[in-house]
Amino acid sequence: RLAPLNASLAGLPPTTVITAQIDPLRSEGEAFAKKLSAADVKVAYRNFEGVTHEFFGMGAVVPQAQEAMDVVVSALKAAFAGKNATN
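Straight run, no breaks: the sequence shown in this note's numbering ends on number 118.
Treat the hints with care, since some could be wrong.
Keeping only pairs whose Cα atoms sit at most 27 angstroms apart, straight-line, the calculated BS3-like set for lysine-lysine is [said to hold, decoys possible]: (1) K65 with K108; (2) K66 with K108; (3) K73 with K108.
If you anchor each label on the Cβ, the simulated ranges turn out as follows [stated by the list, open to error]: (4) G42 with G81: 30 to 38 angstroms; (5) E98 with E61: 13 to 21 angstroms; (6) G81 with S39: 28 to 36 angstroms; (7) G42 with P94: 33 to 41 angstroms; (8) L56 with Q97: 18 to 26 angstroms; (9) L56 with S105: 18 to 26 angstroms; (10) A38 with V104: 24 to 32 angstroms.
These are computed hints drawn from the structure, not numbers from a lab.
Don't be surprised by glycine CBs; every beta carbon is placed ideally from N, CA and C.
Input sequences plus hints: build the corresponding full structure.
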């Protein structure tokens, strides 16, 4: 079974982890972010309150979707520029 929480995370690049408050996977995402940090991986963790799993695809009706996309875009731009995201 593939499970990132069971893998060695040392040496991974800076990672952005986003979770939703109303999501059965939220606790796993939070644990993954903590394990990344414990492995000295630079991690940006953000939990969005009041939203469900897959809120990213609900931009027309969920205001936090655009904010989450902005976090991801910022992290990707920083990664491709060879920098760490600040979010």
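### Message
Assuming the hint says 18 to 26 angstroms, is it satisfied by the Cβ distance from L56 to S105 or not?
### Response
23 angstroms, holds
#### Entry: Range agreement (Cβ of P94 with Cβ of G42, hint 33 to 41 angstroms)
37 angstroms, holds
### Message
Taking the Cβ atom of G42 and the Cβ atom of G81, is their distance within the range 30 to 38 angstroms?
### Response
35 angstroms, holds
### Task
Given the hint that K66 pairs with K108, test it: the Cα-Cα distance must not exceed 27 angstroms.
24 angstroms, holds
### Query
Is the distance from the Cβ of E98 to the Cβ of E61 consistent with 13 to 21 angstroms?
18 angstroms, holds
### Task
Indicate whether the distance between the beta carbons of L56 and Q97 respects the range 18 to 26 angstroms.
21 angstroms, holds
### Query
Between K65 and K108, does the CA-CA distance stay at or below 27 angstroms?
23 angstroms, holds
### Beta-carbon spacing of G81 to S39 - inside the hinted bounds 28 to 36 angstroms or not
Because 35 angstroms falls inside the window, the suggested range holds.
### Message
Just to be careful, I want the Cα atoms of K73 and K108 compared with a cutoff of 27 angstroms; is the pair within it?
### Response
Within the cut-off at roughly 16 angstroms; holds.
### Query
Does the Cβ-Cβ separation between A38 and V104 fall within 24 to 32 angstroms?
27 angstroms, holds
Violated hints for the displayed structure: none, as all numbered hints are satisfied.
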